[in-house]
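Model the full structure from these sequences, guided by the hints.
Using the UniProt record's numbering, the first residue of the sequence shown is number 1, and each one after it goes up by one.
Accuracy of the hints is not assured; some may be wrong.
[Unchecked claim] Simulated restraints on C-beta separations:
1. Arg200 - Val42: 41 to 49 Å
2. Val158 - Arg180: 30 to 38 Å
3. Gln18 - Asp219: 49 to 57 Å
4. Glu30 - Asp67: 17 to 25 Å
5. Ala143 - Lys34: 48 to 56 Å
Worth flagging that the hints you see were computed from the coordinates, not collected in a lab. Here a beta-carbon is modelled for each residue, glycine too, at the ideal position from N, C-alpha and C.
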Amino acid sequence: MGGVRVRVRHPEGTLQVQAEDSWTVGQFIEHLRKETGVPCFVLKSGFPPAVIDLSDKNISLGALNLDGSAITLTPVEDTSPEAVRSREMAKLVERDSLMAAELAAAESTATPSSGQSDPKRPDNLSVPWPEMDDGYMVLRVMADDNSCLFTALSAALVPQVRDPAPFLRNQIAEYILSHRDTYNRATLEKSPEDYVANLRGRDFWGGSIEMSVLSAIYDIQIVAVDVKVR
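Dropping the structure here:
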C-alpha cells in the first residue's frame, strides 16, 4: 500500500495518518491542524526526540522519510505578527469591557437628580501643560450618548463633517472588514460582520479597538486618560 503512514501523538490522544504520495509538507501540516485542533505546533520523532524541519512546505512529504514513524505533536504559541496583534487586541477588548462596566456602575450612583446640574462638571476646562512652551490641555465634557468617543475625536480628525459620529463609525467598520486577519472572531469576540453591525448602531460604545483603527486610518497616536481617576 503506497503513501506515508505515521502515528501522531498529540495532547488529546493518538492520530493515525495515511497520507497520499502526492501530499506536500504543507498539506500534511493543514491535515494535522484540522484533525487535532492545534493551530501551531512542532513535530518530533526518533530517540532522543528531534524536531522535524517543516520550513519548506512545498516539498513532498515523502522527502522527510517519515513512513512508519511515531511522531509527537507539541503545541507552541503562534508568534506570527497577525497572531500577536490578535492576542493584543483581545486583551484590549477585555479591558474595555471591564472599564465600561465600572463606568456604568459609577454613573448609576453619581448621576445628579433630574433638573439639577453638577457644579463640579464644567463643559470646558483648560489645564496648563508645563512640558510645552505656552501649551495647555483642554478637558471637554461630551454628551453621554454612547458616541462620546467619536464626537471627541471628530473635532481633531474630521471637523468639517456635520454628523461625525456615524461617519467615523462607518470608516472604522470598513477598515475592520478589510483587515480580517487582525480583527477576527478571536479579537472581536464575535464575527467581524456582527461586530460591525453593532458598531454602526448608535448604542455601541467606542473603545480601544475603535481608537486603534482610527490611529491606523489617520496615521496618528491616540492617548486615552481616565480623568475621573487621575
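### Message
Flag every earlier hint the structure violates by its number, smallest first.
### Response
2
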